[in-house]
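**Q** Now for the letters of each chain:
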Amino acid sequence: GAGVSQSPRYKVAKRGQDVALRCDPISGHVSLFWYQQALGQGPEFLTYFQNEAQLDKSGLPSDRFFAERPEGSVSTLKIQRTQQEDSAVYLCASSRTGENYGYTFGSGTRLTVV
Amino acid sequence: RKEVEQDPGPFNVPEGATVAFNCTYSNSASQSFFWYRQDCRKEPKLLMSVYSSGNEDGRFTAQLNRASQYISLLIRDSKLSDSATYLCVVTAERGGADGLTFGKGTHLIIQP
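Top to bottom, those sequences are chains V and X.
Taking my numbering, the leading residue of the first sequence gets 1, the next gets one more, and so forth.
Taking my numbering, the leading residue of the second sequence gets 1001, the next gets one more, and so forth.
Think of the hints as simulated: they come from the structure by calculation, not from any bench.
Here the structure is a predicted model, which means the values were calculated and not measured.
Take these hints with a grain of salt, some might be off.
What the hints assert, rightly or not - A few chain X residues that don't get close to chain V, going by computed Cβ distances all over 12 Å:
#  : residue
1  : Q1006
2  : V1013
3  : G1016
4  : T1018
5  : G1058
6  : T1061
7  : N1065
8  : S1078
9  : D1098
10 : T1101
11 : G1103
Stated by the list, open to error - Examples of chain V residues lying across from chain X (beta carbon under 7 Å, computed):
#  : residue
12 : Y10
13 : G28
14 : H29
15 : Y48
16 : N51
17 : E52
18 : L55
19 : F105
20 : S107
21 : G108
Positions of the beta carbon are idealized from the N, C-alpha and C atoms, including for glycine.
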């Protein structure tokens, strides 16, 4: 596609529910990042994929967070047993080569846990 | 201490004025520096890269001071459309790639 596509655009989850957020990067982009942006804050790094390999997951806040990119294209961020502090915008960014100036961000998924 | 620190503002500035804001970063190993712009409820978008020699893009000027570890952004002849949050960004190694580390953002409001 022309840009990075994320779905759903908005998600409301009850506390304790599991959610799955999808990122469809630009075709051919090797690098894929997930970020979490809380209200009034800058985006915080969660995890990085190069093709299907998850090379850095140091930003995932707990073991309730899991990300995958099995075929090196679409990625899914899963949050189990959601809690109120998980409420944030989840942004996905992709790049052809991992070069920092080439990142394109998706519009994000706004997750609200009630 | 946060890796990238910015004054969150808001900066309320009259249209046509010049406004400048800085940010500081803690990781001396950071290699690349950027300003991103984020409109309300939108994704961040690259505004400009920042070089040690300084760089200018129209009304926008960015500067980097590696010795003092700070980055600045100057906006001249500000327009209403400049109202946004400006994110200071440095790179940090993430799994072999250049991951972006964001500041909290500086909120700019241009008033008519």
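**Q** Let's test the interface hint: is any C-beta of chain X closer than 7 Å to that of V/G28?
**A** violated, 16 Å
**Q** Given a cut of 7 Å on the nearest C-beta pair, is the interface hint for V/G108 held or broken against chain X?
**A** holds, 6 Å
**Q** Using the nearest Cβ pair, does V/F105 come within less than 7 Å of chain X?
**A** holds, 4 Å
**Q** Beyond 12 Å on every Cβ pair: is that true for X/G1016 relative to chain V?
**A** Non-interface label stands for X/G1016: nearest chain V Cβ at 28 Å, farther than 12 Å.
**Q** Against chain V, does X/G1058 hold up as non-interface, every C-beta pair farther apart than 12 Å?
**A** holds, 18 Å
**Q** Hey, does X/T1018 actually stay past 12 Å from chain V on C-beta?
**A** holds, 24 Å
**Q** Take the shortest C-beta to C-beta distance between V/E52 and chain X; is it under 7 Å?
**A** violated, 13 Å
**Q** Was the hint right that V/H29 lines chain X, CB cutoff 7 Å?
**A** violated, 12 Å
**Q** Would the hint on V/Y10 stand, with a C-beta cut-off of 7 Å toward chain X?
**A** violated, 11 Å
**Q** Taking the least C-beta to C-beta distance, is V/L55 closer than 7 Å to chain X?
**A** holds, 3 Å
**Q** Non-interface claim for X/V1013: all C-beta distances to chain V beyond 12 Å?
**A** holds, 20 Å
**Q** Just double-check X/T1101 for me: nearest Cβ-Cβ distance to chain V has to come out over 12 Å.
**A** violated, 7 Å
The earlier numbered hints that this structure contradicts are 1, 9, 10, 11, 12, 13, 14, 16, 17.
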